[in-house]
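**Q** Given next are the chains, with one letter for each unit.
There are 2 protein chains.
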Amino acid sequence: MQDKLNLMIPGPTPVPENVLSSMSKHPIGHRSGDFQKIVQKTTEQLKWLHQTTADVLTITGSGTAAMEAGIINTLSKGDQVICGDNGKFGERWVKVARAYGLDVKVVKADWGTPLDPNQFKRILEEDTNEKIKAVILTHSETSTGVINDLKSINNEVKNHSKAITIADCVTSLGACNIPMDEWGIDVIASGSQKGYMIPPGLSFVAMSKRAWEANNQSNLPKFYLDLKQYLKTVNQNSNPFTPAINLYFALEASLTMMQKEGLNNIFARHARHQKATQEGIKAMGLNLFTKENFGSPAITAVKPENIDAESIRKAIKNDFDILLAGGQDHLKGKIFRIGHLGFVNNRDIISVISALESTLDKMGKLNVPTGQGIAKTISVLNNE
Amino acid sequence: MQDKLNLMIPGPTPVPENVLSSMSKHPIGHRSGDFQKIVQKTTEQLKWLHQTTADVLTITGSGTAAMEAGIINTLSKGDQVICGDNGKFGERWVKVARAYGLDVKVVKADWGTPLDPNQFKRILEEDTNEKIKAVILTHSETSTGVINDLKSINNEVKNHSKAITIADCVTSLGACNIPMDEWGIDVIASGSQKGYMIPPGLSFVAMSKRAWEANNQSNLPKFYLDLKQYLKTVNQNSNPFTPAINLYFALEASLTMMQKEGLNNIFARHARHQKATQEGIKAMGLNLFTKENFGSPAITAVKPENIDAESIRKAIKNDFDILLAGGQDHLKGKIFRIGHLGFVNNRDIISVISALESTLDKMGKLNVPTGQGIAKTISVLNNE
Numbered sequence: 001m002q003d004k005l006n007l008m009i010p011g012p013t014p015v016p017e018n019v020l021s022s023m024s025k026h027p028i029g030h031r032s033g034d035f036q037k038i039v040q041k042t043t044e045q046l047k048w049l050h051q052t053t054a055d056v057l058t059i060t061g062s063g064t065a066a067m068e069a070g071i072i073n074t075l076s077k078g079d080q081v082i083c084g085d086n087g088k089f090g091e092r093w094v095k096v097a098r099a100y101g102l103d104v105k106v107v108k109a110d111w112g113t114p115l116d117p118n119q120f121k122r123i124l125e126e127d128t129n130e131k132i133k134a135v136i137l138t139h140s141e142t143s144t145g146v147i148n149d150l151k152s153i154n155n156e157v158k159n160h161s162k163a164i165t166i167a168d169c170v171t172s173l174g175a176c177n178i179p180m181d182e183w184g185i186d187v188i189a190s191g192s193q194k195g196y197m198i199p200p201g202l203s204f205v206a207m208s209k210r211a212w213e214a215n216n217q218s219n220l221p222k223f224y225l226d227l228k229q230y231l232k233t234v235n236q237n238s239n240p241f242t243p244a245i246n247l248y249f250a251l252e253a254s255l256t257m258m259q260k261e262g263l264n265n266i267f268a269r270h271a272r273h274q275k276a277t278q279e280g281i282k283a284m285g286l287n288l289f290t291k292e293n294f295g296s297p298a299i300t301a302v303k304p305e306n307i308d309a310e311s312i313r314k315a316i317k318n319d320f321d322i323l324l325a326g327g328q329d330h331l332k333g334k335i336f337r338i339g340h341l342g343f344v345n346n347r348d349i350i351s352v353i354s355a356l357e358s359t360l361d362k363m364g365k366l367n368v369p370t371g372q373g374i375a376k377t378i379s380v381l382n383n384e
Numbered sequence: 001m002q003d004k005l006n007l008m009i010p011g012p013t014p015v016p017e018n019v020l021s022s023m024s025k026h027p028i029g030h031r032s033g034d035f036q037k038i039v040q041k042t043t044e045q046l047k048w049l050h051q052t053t054a055d056v057l058t059i060t061g062s063g064t065a066a067m068e069a070g071i072i073n074t075l076s077k078g079d080q081v082i083c084g085d086n087g088k089f090g091e092r093w094v095k096v097a098r099a100y101g102l103d104v105k106v107v108k109a110d111w112g113t114p115l116d117p118n119q120f121k122r123i124l125e126e127d128t129n130e131k132i133k134a135v136i137l138t139h140s141e142t143s144t145g146v147i148n149d150l151k152s153i154n155n156e157v158k159n160h161s162k163a164i165t166i167a168d169c170v171t172s173l174g175a176c177n178i179p180m181d182e183w184g185i186d187v188i189a190s191g192s193q194k195g196y197m198i199p200p201g202l203s204f205v206a207m208s209k210r211a212w213e214a215n216n217q218s219n220l221p222k223f224y225l226d227l228k229q230y231l232k233t234v235n236q237n238s239n240p241f242t243p244a245i246n247l248y249f250a251l252e253a254s255l256t257m258m259q260k261e262g263l264n265n266i267f268a269r270h271a272r273h274q275k276a277t278q279e280g281i282k283a284m285g286l287n288l289f290t291k292e293n294f295g296s297p298a299i300t301a302v303k304p305e306n307i308d309a310e311s312i313r314k315a316i317k318n319d320f321d322i323l324l325a326g327g328q329d330h331l332k333g334k335i336f337r338i339g340h341l342g343f344v345n346n347r348d349i350i351s352v353i354s355a356l357e358s359t360l361d362k363m364g365k366l367n368v369p370t371g372q373g374i375a376k377t378i379s380v381l382n383n384e
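Just so you know, the sequences run in chain order A and B.
At position 78 of the first sequence the residue is numbered 78 (UniProt numbering), and the sequence of numbers has no breaks.
At position 64 of the second sequence the residue is numbered 64 (UniProt numbering), and the sequence of numbers has no breaks.
Keep in mind that the hints are not guaranteed to be accurate.
Remember, identical chains collapse to one label, so a pair may be satisfied in a single copy or spanning two.
Computed list of lysine to any residue pairs in SDA-like fashion (alpha-carbon distance at most 25 angstroms, straight line) [as the list claims (entries may be wrong)]:
hint : residue 1 : residue 2
1    : K25       : N318
2    : K162      : E292
3    : K162      : P16
4    : K232      : D329
5    : K317      : F35
6    : K25       : F343
7    : K25       : N293
8    : K25       : E182
9    : K209      : I378
10   : K88       : G29
11   : K232      : N345
12   : K88       : N235
13   : K131      : R210
14   : K303      : K334
15   : K232      : D34
16   : K25       : N345
17   : K41       : L20
18   : K332      : N235
19   : K4        : N18
20   : K282      : Q259
21   : K228      : R98
22   : K291      : Q236
23   : K25       : L323
24   : K376      : Q229
25   : K232      : G101
Treat the hints as calculated values from the structure; they're not laboratory data.
For reference, chain A alone in the conformation it holds in the complex:
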């Protein structure tokens, strides 16, 4: 039905009405006192979200711009780095690092499987001359629905090296607990169209004191993504370049909603929805693609046996106006992915599980009694 589509993809995520309407205001001058108040307030709110006293900088651009900024502002040509790669975004950070002439050691895991902290440990232990300057990894690998063990990997980094940790938290920040200061993560990159519940166009880089120390040595060329310029201006509640003013209106509105809900409630909601989705899927006889206990709080990947995943996805879009994500690259047609990130409630979860059951039933592919999936989902929602 026209204009009735519910996005259950890993981004853009659904946007609350008051956030949408905040964007339809006339822009104000980006050098005005009124705008400085918004920059000041949202910067404080971003620190709250990152659980940090570090600097959190706002870039007009996609999450990739933020992640690239984190890498090119802390490293120099020829620097050795480790990149974790177990999906499309891991692959991307390898490409970024190589585009800038970094010497990349890749730690791989199969798509659907988490990165192994011990592999990082071994490489770092062998690096007795401390040549490795950074460990770069994706926390929630959106392409496969895997959450990597950022805390453990970062512990290995801290225990065996002076390298900094640069984490893509694009689909984990605002979905699960990432206490930046407590864990000691040096750089966190994120994007607006995810847990932030606002449309795409803003991205964020949090930079620890150690990240700024690394920045002093960094010689990679940059201008638009030169974080020193963002630091200088954020301290004056401003931006180095004209920012996406109307998306700032949205950011203020959404972070205010998030503060009202509270971090722990937000994390508990995502955990409940993740479990309710996973259990419903399993109870209707479908397989999860992602290794047990490493499912992302943002997205659940499903690998139906003997059914084209795209046909399920298309039927759910046509019959129920729910948009799911397909598989990427070699997983195209093999998996579909259910986003439960950001502005998602219990209704979204029961409707997607029911829609999936109905679709399989219609296809004659449901091998359990109709209702068994949703029954399990309801049970999780009522008891978690």
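Position chain B relative to chain A; hints supplied.
**A** Just chain B now, with coordinates in the frame of chain A:
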């Protein structure tokens, strides 16, 4: 008065109501067929605006991102370039070029004065070994209200060199005639919060065939601003990274309005408003800052004698809810700037001229009979 401010700064410019409301829609998936239709349509519309058959690529970022992309995608480390510098934006492109290790020859003119095409000619004539790879300049220098003679400078480039011309048309595109193909400009950068009449957050790079040939030689590192990725995806009506979807809604709405008005009518409107503003200013005894006949169609800079320019600007904001721009750097307090770019009508022009006359009258600084300025403005509006 709350929420009654009229922006007459060189950006962000006023946004039409239907463009504002287009942004408050729920985002759609950026890989969906519906979004592909928007990319396809706006790409065609962008070509119309640039009067070109070249590729016009849309980046989520500020105008600086687009200009940087134009530079780093066509040049290599150590390349010799000429940068025109007669204001804050000219200065910025020198900084960008140097940040990437280019060998920059700067052609300067005083702030308020246009760049001299003959200076470009002389340097290019002396470059018998054709070492100079690009000429980089700002068309409308927002900081001073000067329009540089892009057509003549580009003719010198074409007549005396194989260098490409990279033009910052951020505040000239959509304000005056820039026939990219007819003039043979190689790279044009622009930004959404200007003549486009939409909020900031999108920027645009038009790349000629010669610019793509230069791109094949370019070795500067880049990823987010790697235009090859944008070219590849725009040919599939898509983007390499998640774009600012809601700003695309705005872009489609505004370009559709612009096509309805027609390029020649848009240019004539800007020329009329520019002249009506300039003549009104002069008729009330104030001096224009910018050299005669080199005023930008986007902005008029005024240099009041013996009056603090900031005090005039503040009074006009307080008493009339009209926001003007101040002077930058050494011009702070010495000039103020009246934006007449984008969604501006005759009412905006008569109100700013009347407000200025009223303010000078109240300050006891009006040295001609009250009404003489607006009389001249009205005469221009009625006769142009």
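**Q** Are the hints correct? Go through all of them and say.
**A** Structure-based check of all given hints:
no., hint, result
1, K25 / N318, "between (34 angstroms within a copy, 21 angstroms between copies)"
2, K162 / E292, "neither (32 angstroms within a copy, 61 angstroms between copies)"
3, K162 / P16, "neither (42 angstroms within a copy, 53 angstroms between copies)"
4, K232 / D329, "between (41 angstroms within a copy, 17 angstroms between copies)"
5, K317 / F35, "between (40 angstroms within a copy, 16 angstroms between copies)"
6, K25 / F343, "both (22 angstroms within a copy, 15 angstroms between copies)"
7, K25 / N293, "neither (44 angstroms within a copy, 36 angstroms between copies)"
8, K25 / E182, "neither (38 angstroms within a copy, 38 angstroms between copies)"
9, K209 / I378, "neither (45 angstroms within a copy, 59 angstroms between copies)"
10, K88 / G29, "between (38 angstroms within a copy, 18 angstroms between copies)"
11, K232 / N345, "neither (39 angstroms within a copy, 37 angstroms between copies)"
12, K88 / N235, "between (35 angstroms within a copy, 22 angstroms between copies)"
13, K131 / R210, "within (17 angstroms within a copy, 42 angstroms between copies)"
14, K303 / K334, "within (6 angstroms within a copy, 67 angstroms between copies)"
15, K232 / D34, "within (19 angstroms within a copy, 40 angstroms between copies)"
16, K25 / N345, "between (27 angstroms within a copy, 20 angstroms between copies)"
17, K41 / L20, "both (19 angstroms within a copy, 24 angstroms between copies)"
18, K332 / N235, "between (45 angstroms within a copy, 21 angstroms between copies)"
19, K4 / N18, "both (18 angstroms within a copy, 21 angstroms between copies)"
20, K282 / Q259, "neither (34 angstroms within a copy, 53 angstroms between copies)"
21, K228 / R98, "both (23 angstroms within a copy, 16 angstroms between copies)"
22, K291 / Q236, "neither (46 angstroms within a copy, 34 angstroms between copies)"
23, K25 / L323, "between (29 angstroms within a copy, 16 angstroms between copies)"
24, K376 / Q229, "neither (52 angstroms within a copy, 44 angstroms between copies)"
25, K232 / G101, "between (27 angstroms within a copy, 23 angstroms between copies)"
Hint check: violations occur at hints 2, 3, 7, 8, 9, 11, 20, 22, 24; the rest are consistent with the structure.
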